[in-house]
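All chains, full assembly: derive it from the sequences and hints.
Protein chains in written order, with my numbering: chain H, 28 to 284; chain E, 28 to 284.
Don't read these hints as lab results, they were simulated from the structure.
You can't tell identical chains apart in this list, so a pair holds if it fits in one copy or across any two.
Derived BS3-like pairs: lysine-lysine, alpha-carbon spacing no greater than 30 Å straight-line:
hint, residue 1, residue 2
1, Lys110, Lys79
2, Lys169, Lys110
3, Lys110, Lys155
4, Lys155, Lys79
5, Lys118, Lys79
6, Lys155, Lys118
7, Lys118, Lys169
There are 2 protein chains.
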Amino acid sequence: MSPPEGELRAYRLTLAYDGTNYFGWQRQPEHPTIQACVESALAEITGDERVKAYASSRTDTGVHAIGQSAVFRTCRWQAAADKIPFALNTKLPADIVARDAIDVPLDFHPLRASTGKRYRYQIYNARKADPLGARMHWWVRKRINLTAMREAAAFLVGEHDFFSFQSTGSPRQNTVRTVSQLTIEGQQHMDGDLYTLEIQANGFLYNMVRNIAGTLVQVGVGRERPEWIRDVLAAYDRRVAGATAPPQGLCLMEVYY
Amino acid sequence: MSPPEGELRAYRLTLAYDGTNYFGWQRQPEHPTIQACVESALAEITGDERVKAYASSRTDTGVHAIGQSAVFRTCRWQAAADKIPFALNTKLPADIVARDAIDVPLDFHPLRASTGKRYRYQIYNARKADPLGARMHWWVRKRINLTAMREAAAFLVGEHDFFSFQSTGSPRQNTVRTVSQLTIEGQQHMDGDLYTLEIQANGFLYNMVRNIAGTLVQVGVGRERPEWIRDVLAAYDRRVAGATAPPQGLCLMEVYY
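Below is the structure:
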């Protein structure tokens with residue numbers, strides 16, 4: 028059943044998943060994770076039990092992805108790279124899908140090689156919840172002012188030290204990042220509004236998008252003024268910013284190379 | 028804890044739910060259903076254990092609703108009707124939400140009083156699945172031609188005998204219905220297209236929307252020509268139409284009064 032050994036090759040997968048039922052990307056001994064599922068499916072299609080998958084981003088428990096990228100190496104896949112997703116999808120659970128696979132150099136590193144990433148954060152603003160979208164958004168009851176939230180967001184665009192937006196747990200030496208895009212679109216949805224925040228940067232700190240979302244909502248609901256964002260950036264203190272927004276609103280959209 | 032008894036009153040609820048984890052609306056002895064959850068929550072807020080909820084539509088296993096309507100009667104709710112949803116939502120599971128409640132006459136019948144209903148059916152057309160939307164659409168791999176599907180849909184608009192689109196199990200004497208609207212919109216989504224079919228009629232036969240969706244996809248993927256829909260209508264034979272499309276694509280959007 029195992030394909031014969033050949034030359035060692037590296038492949039970059041593009042993965043989409045509904046993270047609701049997983050304890051994030053990274054393999055854990057006692058809990059289901061995306062990495063464990065992907066590696067197990069890769070082992071099945073290659074016959075190589077030791078195959079490892081390395082992602083560009085270790086998404087947290089409950090966080091989703093449309094364009095996660097992960098790299099694996101094997102000498103046991105002889106067909107074209109673009110056949111990998113079809114083989115893999117027959118072995119993956121329904122909430123994880125391989126969208127694409129391409130050949131990459133053997134020393135390709137999915138995070139270091141990337142020039143940036145884009146995330147989406149969705150907020151549903153209404154007095155009653157939307158049960159159909161609940162797995163994909165943060166439900167905020169208090170009325171949000173989109174204009175105020177957009178004004179606040181504008182202070183985050185460009186190169187800044189995002190230390191105040193970094194959760195503890197995975198600290199980075201250098202907390203300066205460049206946010207090249209931060210948009211918030213609103214659309215009428217059921218009995219309220221669905222706000223979609225899209226943020227693109229050359230890199231992200233731990234929980235940075237969820238901390239930005241939580242902080243912008245403080246402005247949106249009128250607890251703080253838009254200019255307060257400047258103070259938060261200048262404070263270099265995580266406690267000054269808003270609370271971390273819940274995971275289900277977050278989705279890794281694309282990793283740029 | 029129970030509110031005191033007062034005058035008997037009737038209320039019409041508007042309900043939204045993710046039907047994934049339920050065996051449809053109608054109460055069943057061994058399985059979780061929407062009706063059982065709603066009645067149990069109503070019993071909690073009214074203190075009336077015998078309260079019954081009657082829906083305009085007995086949605087099937089896995090079918091969703093944004094605008095289901097259901098009526099209940101009690102003499103134990105003394106506050107304004109619009110307070111009911113907030114009370115009820117604290118007792119309902121997260122995948123069922125009461126959006127609204129209004130006073131109705133005691134003899135109000137949620138189906139007979141209605142002048143029509145609108146359903147949505149979503150189809151995701153791509154070679155690889157979308158795991159984030161999988162609970163809300165039918166994944167069709169074979170390429171769909173939207174123009175052909177729209178041409179086919181046009182034959183169903185107006186007054187017709189929809190006998191061929193009625194599944195067995197809940198037969199109606201009169202199978203003539205008037206479809207006042209049947210639109211199909213397409214939008215690019217992930218690696219494919221998401222097609223949203225919206226159908227409004229003065230009434231629906233058992234599985235009518237899912238049978239229409241299954242039949243239109245036969246045309247969309249090129250197995251039949253659009254004009255074939257005329258033959259299906261004329262055949263008065265369920266076996267001539269396409270297979271019943273799966274439940275997760277279906278959502279009851281609105282009941283008109």
